[in-house]
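Participant: Model the placement of chain Y on the given structure of chain L, informed by the hints.
Chain residues, written in single-letter form:
Number of protein chains: 2
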Amino acid sequence: MKFAFVVKSVASVVFSRKLIYNHSCTGKAVPFLITRKFQVLSSLRSQHEAPAWGSKKHKNKQKFKIQYINIMADPKIEEILAPFRAAVKEQGDKVRQLKESGALEIDLKKAVAELKARKKILEDKELELTPVEASFDRAKMEDLLKRRFFFDQSFAIYGGITGQFDFGPMGCAMKANMLSTWRNFFILEEQMLEVDCSILTPEPVLKASGHVDRFADLMVKDDKNGECFRLDHLIKAHLEKVKSDKKSTAELKWECEDIVIKLDGMNKEEMRTILRRFEMKAPLTNNELSDPMEFNLMFSTSIGPTGLVKGFLRPETAQGIFVNFKRLLEFNQGKLPFAAAQIGNSFRNEISPRSGLIRVREFTMAEIEHFCDPSDKSHPKFDEVRHVQVLLYSACNQMDGKAAEIVTIGKAVDDRIIANETLAYFMARIQQYMVKVGVDPKKLRFRQHMNNEMAHYACDCWDAECLTSYGWVECVGCADRSAYDLSQHTKSTGVRLVAEKKLPEPKTIDVVEVVAIKGTVGKSFKKEAKEIMEALSKLEPATVVEVEESLKTNGKYVLEIGTNSYTLTPDMLEVKRYQKTTYVEEYVPNVIEPSFGIGRIMYAIFEHNFKVRSDDGQRTYFSLPPVIAPLKCSVLPLSNNADFVPYIRQLSRDLTAVDVSNRVDDSSGSIGRRYARTDEIAIPFGITIDFDSLKEPHSATLRERDSMGQVRIPLKEIAGVVRDLSYGKMTWTDVEAKYPKFEQQETKS
Amino acid sequence: MKFAFVVKSVASVVFSRKLIYNHSCTGKAVPFLITRKFQVLSSLRSQHEAPAWGSKKHKNKQKFKIQYINIMADPKIEEILAPFRAAVKEQGDKVRQLKESGALEIDLKKAVAELKARKKILEDKELELTPVEASFDRAKMEDLLKRRFFFDQSFAIYGGITGQFDFGPMGCAMKANMLSTWRNFFILEEQMLEVDCSILTPEPVLKASGHVDRFADLMVKDDKNGECFRLDHLIKAHLEKVKSDKKSTAELKWECEDIVIKLDGMNKEEMRTILRRFEMKAPLTNNELSDPMEFNLMFSTSIGPTGLVKGFLRPETAQGIFVNFKRLLEFNQGKLPFAAAQIGNSFRNEISPRSGLIRVREFTMAEIEHFCDPSDKSHPKFDEVRHVQVLLYSACNQMDGKAAEIVTIGKAVDDRIIANETLAYFMARIQQYMVKVGVDPKKLRFRQHMNNEMAHYACDCWDAECLTSYGWVECVGCADRSAYDLSQHTKSTGVRLVAEKKLPEPKTIDVVEVVAIKGTVGKSFKKEAKEIMEALSKLEPATVVEVEESLKTNGKYVLEIGTNSYTLTPDMLEVKRYQKTTYVEEYVPNVIEPSFGIGRIMYAIFEHNFKVRSDDGQRTYFSLPPVIAPLKCSVLPLSNNADFVPYIRQLSRDLTAVDVSNRVDDSSGSIGRRYARTDEIAIPFGITIDFDSLKEPHSATLRERDSMGQVRIPLKEIAGVVRDLSYGKMTWTDVEAKYPKFEQQETKS
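As you go down the protein sequences, you meet chains L and Y in turn.
Sequential numbering of the first sequence, starting at 273, is according to the numbering used here.
Sequential numbering of the second sequence, starting at 273, is according to the numbering used here.
In isolation and in its complexed conformation, chain L is listed as follows:
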């Protein structure tokens, strides 16, 4: 079975791409893309960027419709799409061919741009043919999120800062529940080593990781007022305007189209040329614009009072794990594989943050670094997930113009679609977690990075993407980062970040070394003797042979240390040959990294669980799964009758005692209105104390949010039932089978 999910927006869609540095979903660093000189087929993970949260413009742009289609269900559509798919495939094959033949980069780049153009046409066609199945009103959802303070802009009373959000009681509790579920699901279940590292990071660490040099976007400044613009956004917006201008010639329009498509692959100079050729000005002021400049996305500060120690707020949590590798390996008694994990905040100084929680300046990540032997990436628990079905959008399918496909994890590894068992195991676990916390499995796919977009050190990389009204949003990255990170830090510090393994059988190796004869060397070189001896001890075997040769042939060897030369004669040196047996072998572990962007997952959960009651368009709510619902249960007295008070208090205490978070709503308003209020904040269960509750045998009504079904339960049992429901040990169906349906109370006031 094949599915394709597409997004249709009635607003104009501006595609957002990082130019120089491709920070993915969770914002993982993928350095060196700039050195590869070409880039991603960006439309695959296009994101619609809306204006700033809560702005007027923002509100006007919020009518979206998401359409889900099952293409296999409609062979007529497939028939129409066939030639478009074929065109993509043709070009995809061409790109493959060019790569195999080691073509020039410029030719490859052109071919990739063409491939992208064809993919865009295919996607537009898919969109055009898609029947509407469901509708989603983002403005309505955002209104609810703000009104009940799930989250909102930070420092709003001071005018606010874009790209920063405060989580209110409901958002905060939901986030805490997502994280504690994550901790149980990954750390406890897999016995990972959790760490909690510093946010403030000194410069050399991020120099080694590549962030200081490459974690940047291109921007231009308004020459007069200093306002900054992300260059790719600016060029796109300008060219779209030219394109839609009636006076533009067809040729000019085509050219604009062509530039927009190729923009992602362009370097600073190419973009500068376009900026000047089209004489672009600052959007509102029409002032001149500066030349493009690279803007590093890290927040910088000084550590300590001297102002000399430069530091940054970490752009990802991963580096904290890498620099602690030795301690962690030791903690794990030297054994591999093991995984370390970290939950914490990271920071990126986005040039123009937008799209609510999706592109922000401060965000919570949960990252896992699984360290393993590069020659063994199997996973002991792989069989437990072998049967799990995932929707995979492989690099191959992307090149072939095909849709994403549902396959089992086992088959994906057998067919070598996913590179290894460990990577595949984590992908299955990622999906299980996402679904557990409320992501709609029908709106979740794994998209493989194509060769072109993968950092050069990565062997394989998949993004878990969620379908939202902003398009497919990268929420979790899952990459095999090979030995890159540990090697980089070893290079920068001289500290060997390696592991040892026992050789299957002891290995005997031939050793050849040149040893200085202390007496003669010391006598000839005095103070410098020590340095000479050290230099000799470090010579490679090949050089030792050279030394031996030279002593024989020339009667001397000239050793160079830095700018100094020392002439050594046969009486100063002895060449030794012997055999050594080793039992262990050192190696640099590989890293497989699942990296979660908690805010993005949270946003996807909000969209996937936003509901409107069919009988009343104003009654909106979130059908969050109990495990992440901010509060599990509401406690409502039927009215403000004083007789209810002791029952309400006792019930709240009973619920708290069994770890069920709860909220008493004894405000005025009908029960119906109060239920609507608790539905809005996603409380899955509600208990009402009424006049029947006062009579023996004491009982109360329990209501479930999504079905609005109600049952009558003895007061003594009710806390236990809600606990079992909240922690997934009982379903609502079980409860309805066990207890009588509630119609209406018998006793009136």
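Hints were generated in silico from the structure; no laboratory data involved.
Do not take every clue at face value.
Same chains, same names: a pair is fine if it fits in one copy or spans any two.
Claimed, not checked - Listed below are the simulated DSS-like cross-link pairs for lysine-lysine, each with C-alpha atoms no more than 25 angstroms apart in a straight line:
hint : residue 1 : residue 2
1    : Lys828    : Lys798
2    : Lys1001   : Lys988
3    : Lys515    : Lys534
4    : Lys810    : Lys779
5    : Lys607    : Lys763
6    : Lys674    : Lys774
7    : Lys412    : Lys371
8    : Lys798    : Lys848
Facilitator: Chain Y only, in chain L's frame:
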């Protein structure tokens, strides 16, 4: 019963004080101290500052002995101390008298300095007379903390940064457990509103809170190499050296002593004079030193690409709650009292951080802001804590030279030692929490801020202090901050951060206002008319009467707006008088703030639970309570016999299924050695699978860490028993009563 706890250190003790800005325990801001011009009796909460963590100097200085004395138990000691106590009291009374009579600040300051000197003599005497009861070896504890990676210096492979620490698996899990216990104990239990606000804070917010202007320490710089020194530290160290110089005259020594005592109360100029008079130089280089400068302790950065929006890393989490007050009040349906809480990281750019986790640059806080009506600070659950006994070191006792006293919370409020029920309720809860997570109740006291050290807006403030080898360390602050914070933000933003309450009965008030007659004002002033009408509508009643008077007497009124004057005539204005009935009253809520420094509490817990086995000085461990122990249970096969493997695996799965974190240790080494290893990381329970386990009925040995007692339990029951033990639903005594004691296994391999 009276207790006094004193600290004796074999290392020289340097007292650390903040000069300008008194950031307490958790680092709460107590602005305006600088304006009060005098300061704290600092020796009361002296902290010993050790050299940087892990440095050689550090290790040499780590032999400490803590002595606990029950003074009442030894009337002889009290007899000796009596005259010293009397001397303190005499001076305390003098200070009180001066205050009452409104004496000059300079006289008061002198008297306070003298009081401090007398207190120091008293404390030294107490120390001298104290018999040793227990010993504590900090070097041994720190070795264990590093070796098993509870926490360690951040970025050590890059040379490390002082004042920053990474928590390894055990520290991280312990911290997570402390926080989740905190969340259950405060947020869930009291139904607080938890929020999660931004760390990056724009400048105006921290300008309003007082941090931009006053959150600073004085420092001097080495003129040549730029090294910075905290001025008070530098002066103290220099004068101590002069004092201990044999060549110094008795008079000079006395003077040094006097300056050190008065240092805390000195301003920048006074300290500059001392710096120059003693011709102090940079400690190592002997270079000249700069004049003192104020160094703001916040880390600053720029938000966004323009470089124009200045921001800081928050120095406390509280401000995030205050700026969200309106949203929170609305979420709470306009009702007061309510409490909001936040757990998160804060940052301070300490000039020279030391003392391990106690003075750091990046730290986790947990803060509560309880908002209430200033006229009603009672607490509905006060009766539940009335009986709780606390060790109070009241301001009064401090002035009188008396020791801290044990009293019940109820009596402390009745006797007005603690200002109000809500403050007292939180103090009781703070103590309950601290003891629950492992603080030794005998090493916990509440010290009241004296009038002099309290921020001018605070009504009452108590610090929960833990006794450690660094002295009494402030770990939690509990302050009544009155309406200060909300008022400040209202002043800065114009947004009224107020609550409403229903009046007991409607109130009728007389209104007098001057209204502009649109036609005539508009005609005369055109564009400016609107501004004039607005200004008129805002006039105070008294001014309205003035206007009326002026119109009558002079036939005109001159209205001034900024630098402009407008002459208004009787045809333009109408004075209206009428009555208005109001049913509600607006007020600025007061804030009671318990503020927890998680790292400091954690450090106290480490010290209070560090143990050495009596039979083996090398076997050290932490007796952490199960609720915060990083892992609850170890699972050990007796040997590496393959038959044990399936049992070990199943047991680990069973434990995980009932939320018991566990660790399998199947490494080689005797059971005894492996137990020692699990003791080191504070695992409270250990299960051993041996040859008897393989036989029907399957059973295993369960061992408890502190008593090292062992029982034999059926395999099926064991996970449940460990769960009940871990979550405090069963005690070890219960287990020993129920299951047979384990002596040795019957079956051998």
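Participant: Find the hints from earlier in the document that the structure breaks and name them by number, from lowest to highest.
Facilitator: 6 and 7
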